[in-house]
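Enquirer: Take a look at the letters that make up each chain.
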Amino acid sequence: MRDESLFNALIELADDHSILCHRLGEWCGHAPILEEDLALTNMALDLIGTARGLYARAAEIEGRGRSEDDLAYLRNERQFRNLILVERPNGDFAHTMIRQLFFAAFMEPYWQAALESRDETVRGIAGKAVKEMSYHIRHAGEWVIRLGDGTEESATRAKAAMEALHIYVDELFHSSPAAAAAAGIGMLPDRRGLRAAWNGITAPILARAGLELPQAANPQTGGRAGLHTEDLGHILCEMQYLQRAYPGATW
Amino acid sequence: MVTARERAWAAAAAVPDPEIPCVTVADLGILRDVHIEDGAAVAKVTPTYSGCPATSFIEDAIAEALRKAGFEARIERVLSPPWTTDWITPEGRRKLRTYGIAPPAEGSNSKRALFGKTSVSCPRCSSTDTERISEFGSTPCKAQYRCRACSEPFDYFKCI
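As given, the protein sequences belong to chains H and P, one line each in that order. When we follow my numbering, the leftmost residue of the first sequence carries the number 119, and every step to the right adds one. When we follow my numbering, the leftmost residue of the second sequence carries the number 403, and every step to the right adds one.
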């Protein structure tokens with residue numbers, strides 16, 4: 119069932135992007151300053167653009183006539199395959215920025231490698247996403263440095279965010295059976311080989327911020343198997359409400 | 403003699419960008435190609451940013467322009483090679499500046515350089531003594547700047 123693996127591997131990636139997009143969108147109207155309100159929602163747009171491309175390609179491979187919207191709005195919590203990291207609540211700005219840095223620092227080298235994919239659509243999506251992830255890293259990296267190297271209060275909060283989020287980093291480098299199958303045929307990059315690249319991006323930023331990545335005693339995983347934290351259900355309640363309440367609604 | 407393909411190109415190429423109407427889709431380099439296939443005009447369009455909300459609107463506008471020119475229209479969305487600001491034509495850059503938007507610096511610089519400074523010249527007085535107010539502006543592709551020399555706030559079409 120090669121096609122099923124490819125479908126699932128694309129869904130994992132698409133879910134990562136759409137759930138993180140939703141999280142960033144939650145800042146709309148609530149960011150500490152107007153400039154960040156604009157920045158976060160614009161970066162959410164990058165993520166939804168990537169997610170749409172991935173859902174559409176997954177639907178095409180599946181060939182059962184489902185659309186990108188069906189995949190985003192009509193699957194249940196256990197069918198979502200996103201990383202736990204991206205569903206973690208926004209918390210304070212330090213939490214949001216550190217989560218963003220952790221994710222973007224993985225996705226940039228990932229999309230870089232995906233430029234060699236044998237799937238033309240994946241190469242196209244990667245070509246756009248790799249540039250977008252570069253400025254997500256820059257934006258989040260600058261904030262992590264400002265916060266970690268800022269006031270006593272901001273440093274305390276940045277440390278607390280590191281403490282809360284570091285346990286979800288390992289999952290970035292795990293490969294589900296579906297992802298392994300997709301990597302095996304050269305459709306998607308092998309996630310397991312990207313830790314050095316991730317360290318290469320995050321280490322200098324964390325050093326300048328005066329922050330240390332703690333060793334994760336109990337790394338948390340399970341997202342790829344549909345085992346999520348309670349928070350994903352709350353996201354889906356909001357994200358899927360309209361399509362569930364008014365099936366087929368368009369405007 | 404003007405071929406059907408040239409006529410179709412001219413019709414599609416004249417469509418203005420919905421968010422920056424001073425430039426056309428051809429100026430921006432997002433209209434990649436127009437050709438005639440089985441009697442229909444097929445326009446290849448590429449998005450600027452992955453999630454650019456204007457993409458569908460632009461595709462509809464191009465299809466409409468082709469239909470008005472008497473063609474049956476079809477739009478193909480192409481992703482590769484990915485669009486970069488280097489696709490903006492010299493004419494497009496000139497129009498942006500006249501409109502009050504600083505065109506992107508040529509050649510992509512490193513997006514990852516932290517606290518990096520980009521030299522942007524004011525579209526009003528050409529001074530390079532400018533400062534960034536906000537990394538994002540009214541659309542994903544623009545940042546907000548202010549000129550320290552003439553005090554003019556302006557949009558900068560970001561380099562990507």
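Because the hints were derived from the structure by calculation, they are not lab data. Positions of the beta carbon are idealized from the N, C-alpha and C atoms, including for glycine. One thing to keep in mind: the hints can contain errors.
[What the hints assert, rightly or not] To be clear about the criterion: a stretch of chain H counts as covered by chain P if any three or more of its residues have a C-beta under 8 Å from a C-beta of chain P, and this derived list gives those stretches: (1) 151-158; (2) 164-170; (3) 231-245; (4) 250-264.
Enquirer: Each of the hints needs a verdict: does it hold here or not?
Expert: Consistency of the hints with the structure:
Using a Cβ-Cβ cut-off of 8 Å, 4 residues of the region 151-158 of chain H lie near chain P, which meets the minimum of three, so the contact claim holds. Residues of the region 164-170 of chain H with a Cβ under 8 Å from some Cβ of chain P number 6, which satisfies the need for three, so the listed coverage holds. Judged by the Cβ-Cβ criterion of 8 Å, the region 231-245 of chain H is covered by chain P as claimed, because 6 of its residues qualify and three suffice. Chain P is given as covering the region 250-264 of chain H, and this holds because 9 residues of the stretch bring a CB closer than 8 Å to a CB of that chain, at least three being needed.
Violated hints for the displayed structure: none, as all numbered hints are satisfied.
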